[in-house]
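Protein chains: 4
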Amino acid sequence: MDLIASLQCADQPGIVHAMTTAVLNCGGNIIENQQFTDHTTNTFVMRTRFETSQGLDAAHKSLNEGLGKFSPALHIRPTAEKPRALVLVTKESHCLRDLMYLLELGELPIEIPLVISNREELKSLVESHGIPFLYLPVTAENKAEQEKVMLAKIAELKIDFVVLARYMQILSSTFCAAMPGKIINIHHSFLPGFKGARPYHQAHDRGVKIIGATAHFVTADLDEGPIIEQDVAHVNHSATPEEMIALGRDIERRVLARAVKLYAEDRIFIVGHRTVVFA
Amino acid sequence: MDLIASLQCADQPGIVHAMTTAVLNCGGNIIENQQFTDHTTNTFVMRTRFETSQGLDAAHKSLNEGLGKFSPALHIRPTAEKPRALVLVTKESHCLRDLMYLLELGELPIEIPLVISNREELKSLVESHGIPFLYLPVTAENKAEQEKVMLAKIAELKIDFVVLARYMQILSSTFCAAMPGKIINIHHSFLPGFKGARPYHQAHDRGVKIIGATAHFVTADLDEGPIIEQDVAHVNHSATPEEMIALGRDIERRVLARAVKLYAEDRIFIVGHRTVVFA
Amino acid sequence: MDLIASLQCADQPGIVHAMTTAVLNCGGNIIENQQFTDHTTNTFVMRTRFETSQGLDAAHKSLNEGLGKFSPALHIRPTAEKPRALVLVTKESHCLRDLMYLLELGELPIEIPLVISNREELKSLVESHGIPFLYLPVTAENKAEQEKVMLAKIAELKIDFVVLARYMQILSSTFCAAMPGKIINIHHSFLPGFKGARPYHQAHDRGVKIIGATAHFVTADLDEGPIIEQDVAHVNHSATPEEMIALGRDIERRVLARAVKLYAEDRIFIVGHRTVVFA
Amino acid sequence: MDLIASLQCADQPGIVHAMTTAVLNCGGNIIENQQFTDHTTNTFVMRTRFETSQGLDAAHKSLNEGLGKFSPALHIRPTAEKPRALVLVTKESHCLRDLMYLLELGELPIEIPLVISNREELKSLVESHGIPFLYLPVTAENKAEQEKVMLAKIAELKIDFVVLARYMQILSSTFCAAMPGKIINIHHSFLPGFKGARPYHQAHDRGVKIIGATAHFVTADLDEGPIIEQDVAHVNHSATPEEMIALGRDIERRVLARAVKLYAEDRIFIVGHRTVVFA
Numbered sequence: 008m009d010l011i012a013s014l015q016c017a018d019q020p021g022i023v024h025a026m027t028t029a030v031l032n033c034g035g036n037i038i039e040n041q042q043f044t045d046h047t048t049n050t051f052v053m054r055t056r057f058e059t060s061q062g063l064d065a066a067h068k069s070l071n072e073g074l075g076k077f078s079p080a081l082h083i084r085p086t087a088e089k090p091r092a093l094v095l096v097t098k099e100s101h102c103l104r105d106l107m108y109l110l111e112l113g114e115l116p117i118e119i120p121l122v123i124s125n126r127e128e129l130k131s132l133v134e135s136h137g138i139p140f141l142y143l144p145v146t147a148e149n150k151a152e153q154e155k156v157m158l159a160k161i162a163e164l165k166i167d168f169v170v171l172a173r174y175m176q177i178l179s180s181t182f183c184a185a186m187p188g189k190i191i192n193i194h195h196s197f198l199p200g201f202k203g204a205r206p207y208h209q210a211h212d213r214g215v216k217i218i219g220a221t222a223h224f225v226t227a228d229l230d231e232g233p234i235i236e237q238d239v240a241h242v243n244h245s246a247t248p249e250e251m252i253a254l255g256r257d258i259e260r261r262v263l264a265r266a267v268k269l270y271a272e273d274r275i276f277i278v279g280h281r282t283v284v285f286a
Numbered sequence: 008m009d010l011i012a013s014l015q016c017a018d019q020p021g022i023v024h025a026m027t028t029a030v031l032n033c034g035g036n037i038i039e040n041q042q043f044t045d046h047t048t049n050t051f052v053m054r055t056r057f058e059t060s061q062g063l064d065a066a067h068k069s070l071n072e073g074l075g076k077f078s079p080a081l082h083i084r085p086t087a088e089k090p091r092a093l094v095l096v097t098k099e100s101h102c103l104r105d106l107m108y109l110l111e112l113g114e115l116p117i118e119i120p121l122v123i124s125n126r127e128e129l130k131s132l133v134e135s136h137g138i139p140f141l142y143l144p145v146t147a148e149n150k151a152e153q154e155k156v157m158l159a160k161i162a163e164l165k166i167d168f169v170v171l172a173r174y175m176q177i178l179s180s181t182f183c184a185a186m187p188g189k190i191i192n193i194h195h196s197f198l199p200g201f202k203g204a205r206p207y208h209q210a211h212d213r214g215v216k217i218i219g220a221t222a223h224f225v226t227a228d229l230d231e232g233p234i235i236e237q238d239v240a241h242v243n244h245s246a247t248p249e250e251m252i253a254l255g256r257d258i259e260r261r262v263l264a265r266a267v268k269l270y271a272e273d274r275i276f277i278v279g280h281r282t283v284v285f286a
Numbered sequence: 008m009d010l011i012a013s014l015q016c017a018d019q020p021g022i023v024h025a026m027t028t029a030v031l032n033c034g035g036n037i038i039e040n041q042q043f044t045d046h047t048t049n050t051f052v053m054r055t056r057f058e059t060s061q062g063l064d065a066a067h068k069s070l071n072e073g074l075g076k077f078s079p080a081l082h083i084r085p086t087a088e089k090p091r092a093l094v095l096v097t098k099e100s101h102c103l104r105d106l107m108y109l110l111e112l113g114e115l116p117i118e119i120p121l122v123i124s125n126r127e128e129l130k131s132l133v134e135s136h137g138i139p140f141l142y143l144p145v146t147a148e149n150k151a152e153q154e155k156v157m158l159a160k161i162a163e164l165k166i167d168f169v170v171l172a173r174y175m176q177i178l179s180s181t182f183c184a185a186m187p188g189k190i191i192n193i194h195h196s197f198l199p200g201f202k203g204a205r206p207y208h209q210a211h212d213r214g215v216k217i218i219g220a221t222a223h224f225v226t227a228d229l230d231e232g233p234i235i236e237q238d239v240a241h242v243n244h245s246a247t248p249e250e251m252i253a254l255g256r257d258i259e260r261r262v263l264a265r266a267v268k269l270y271a272e273d274r275i276f277i278v279g280h281r282t283v284v285f286a
Numbered sequence: 008m009d010l011i012a013s014l015q016c017a018d019q020p021g022i023v024h025a026m027t028t029a030v031l032n033c034g035g036n037i038i039e040n041q042q043f044t045d046h047t048t049n050t051f052v053m054r055t056r057f058e059t060s061q062g063l064d065a066a067h068k069s070l071n072e073g074l075g076k077f078s079p080a081l082h083i084r085p086t087a088e089k090p091r092a093l094v095l096v097t098k099e100s101h102c103l104r105d106l107m108y109l110l111e112l113g114e115l116p117i118e119i120p121l122v123i124s125n126r127e128e129l130k131s132l133v134e135s136h137g138i139p140f141l142y143l144p145v146t147a148e149n150k151a152e153q154e155k156v157m158l159a160k161i162a163e164l165k166i167d168f169v170v171l172a173r174y175m176q177i178l179s180s181t182f183c184a185a186m187p188g189k190i191i192n193i194h195h196s197f198l199p200g201f202k203g204a205r206p207y208h209q210a211h212d213r214g215v216k217i218i219g220a221t222a223h224f225v226t227a228d229l230d231e232g233p234i235i236e237q238d239v240a241h242v243n244h245s246a247t248p249e250e251m252i253a254l255g256r257d258i259e260r261r262v263l264a265r266a267v268k269l270y271a272e273d274r275i276f277i278v279g280h281r282t283v284v285f286a
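Chains as they are written, first to last, in our numbering: chain A, 8 to 286; chain B, 8 to 286; chain C, 8 to 286; chain D, 8 to 286.
To be clear, the hints were calculated from the coordinates, so they are not data collected in a lab.
Do not rely on the hints blindly, as some may be mistaken.
Same chains, same names: a pair is fine if it fits in one copy or spans any two.
As the list claims (entries may be wrong) - Calculated cross-link-like contacts (lysine-lysine; reagent style DSSO-like; alpha-carbon spacing at most 30 Å):
{"id": "1", "residue 1": "Lys-76", "residue 2": "Lys-189"}
{"id": "2", "residue 1": "Lys-160", "residue 2": "Lys-189"}
{"id": "3", "residue 1": "Lys-165", "residue 2": "Lys-150"}
Treat the numbers as computed from the prediction; the structure is a model and nothing was measured.
Using the sequences provided together with the hints, build the complete structure.
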């Protein structure tokens, strides 16, 4: 059995030794091992992939016993067990398409039991890929109610994380608090940044030479949560706002897909306001 | 004789035809030709490099006559005539070093008759390259006076443009207004941007995955003038603020050198708040 | 009417002037204009986009008359007239998917009247996008015959160019000669290059840190025709051959889509063994 | 005391545990830890940086005892002890300049006790940085003799590794064998690759859109040894061979500097024909 153990705790001597001892004690052989200490917050994080014939329960027992004194946040799961994602979309399809394409190709180790949208445009696209689609229109009045429906679906379908694949609604802090560190969003990014509406038009007016996208976690109390992944592309003066938007779509779908894959493989740790990503 | 003509005016039919006619009329053969219309501001810009045996005066006459009706900003110069740069530095050498290195290699078609600094650290480095160095310390009290010294040097040495190669003083709006579109600065850039002190530490705390640099024109009335060139590099969680600063230096020197080269070859046009760059 | 004129001829003085005069003479206003002289072969190429209310025939007449003395290869077409592509595939879908996705998004100004494959795997994918699919299995015995079927389809459907979107058959020199400069292929590229089977495994064994893809024209007499577009991605030691293949797919689909878009907008000129691309 | 331990051996269960136990046994606290198993060759490599107040000898004793049964190649050194590089150059200065610049900046943890060249052009540049310069002209007749001088200098100056910073002589297999895995070279790279003289001109004729550089180890029995680091830049049709060469220089100096830094920090392991690089 191939397992991934993720561990996060205050840094102190002996953790790596305790982890490797615990893995050995449940008959495990380490395949991958990555660790990092964030000195700002004195936080230690570790991701260990190992094989053992003794199974998940034995691994849980051995690691809990061996690492207990460090009071870690410890998570163990079979590598073969795919995290289940709820994907939220509005009407733009580019990010969703890439997720479904990579899923079909077997390159994205997740399951998508449901796509929810506040609009109906993408219904047939989603269903043509064999994924259920739920239309959940949102107004100022029904927002709280609709988020309850979402949370109910999350519970019912045993959803592990939420992907905002160009979902153009702001989630309430209640919803965010219910899924801490489990909501991934994608948005455009520029050098320098722009506030307000029509950012690509602002970027165009300002003559930026680079446009980009950022995948990040959504948090209730932050304007923008911890960054997971970023990428950029070069543009020049001849790009119209529309061409910049098209290029932006290409970057967004790539960056979001990478972030989802990293999440699905338990490679992301949130430490303070930033992420440690074992790519 | 190899000449570069730069033209900027309101867009209207017939400009390209008029330019090519004027070039033909002074015996010219076009080697390079680039043009662009900025539809937001209805501005037409054109850069034409051509050879003629009739010389600079004949070219001036022919182009002024042929293009006069468009009331263009028209600039013609021999390609072999190198623009003269005043370089301002403080104590960081990385950008200056790359400029001097490329100069010695013959890859940067400029002359640097003088380097001015508000500190003394780089004096021997500059002089070891055979370039005069002027120490001009700046305080709140003497700033206006020192800028006058600079402007006098600019006049005396027939300086064409100013390069701020990590010059850590803010130039007055008077100084900026005296050299409109002729002062190039370099600074760090991030996704997202950060205000205030110690930007690399802020970027580190925020866990950015990309850092960059922007070369731009300095303007009196803008927080940050038209962008000339930008580039980025990827970082991950393991980079300390110091390593990010080191990487930032590498990007800064590269981006500034490229911007100076583009300027020196008359490839940059300022149109509204942005630049058209014929790379 | 918005027109694109593409011109290629031996370089000599006066061509730009003649073109702009000819455009003026048919009431045209130049929107975009790009030109380049390849000094190795003394070849001049020019792409001019202009608007005229006098229509295509008037433009043809004016440009043919005005430019005739240069014996150019001259091509004029309405911008709105989309080139028609025959796409050939085998069983890998990634390149085809991106073409169809961009087509649906309105970002790729082509039409795809037919997809032909030597295998049946992609039939339902193609047809689900409303594009006819022709299964044309190829053996050593029937190859010449099947290529005749293809050429018949090309004639019947007024195909302008052929896109090999991971078509795993080698086209005969007869076929290539029938579509000179009109067949675009995509393949993987490495630093350094590798010959023979299983290139990603070879690249893995050699520990390359960069993998890439090249879109190029197919020619009968060259091992590999003129390069249109290339891109790369960084990998490290931890990438398995399978992960490198997956990353390679991402680069391939991006590079091929860009090459097809450049071709569809008449931005590519073949000059000797290389291309001039007005991006 | 801050130490770096590098370990390479056949993969088998328990190595990580043994290493962490051995570190604990000499009072060590792990700061950085990276490991990788190359499944093709069944090779395990590990780099562990740790602090201990017990000193280098205690660390050697503990790690040798604890890891002995794995028959590893084990190397321990104080982080503060800088590897000593012999830099070989010919007449091009770009790579050497960047190494000296980073050295002066304190960003490259190496010492350069000597630069040797088969030409005299760079003598004053090297000496102006306070580094001894040895002129060692090479002919077919004296090559073996001159390499003996080099090897004597390597012994005398306790040189740890050799950097070929655009050294245009081929080292004999005798010389290479005397410094296995300790000679770093830089050369240009293209997609596709080119054999023979004037590669940039070949790349230009072929119209490549990407040029690059590769830093690699030099080995006696391989055409080109294990790749350490690679990077690329985009070019278009307008780049002359000379401009491509200039751009190539920029990539070369960057890639070589990175490779030397990785080497100086014990981050590179040679496994078969490839490298594992803990960046």
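Now for the hints, and whether the structure bears them out:
no.	hint	in the structure
1	Lys-76 to Lys-189	within (27 Å within a copy, 44 Å between copies)
2	Lys-160 to Lys-189	within (15 Å within a copy, 52 Å between copies)
3	Lys-165 to Lys-150	within (22 Å within a copy, 53 Å between copies)
Against the hints set out earlier in the document, no violation occurs for any number.
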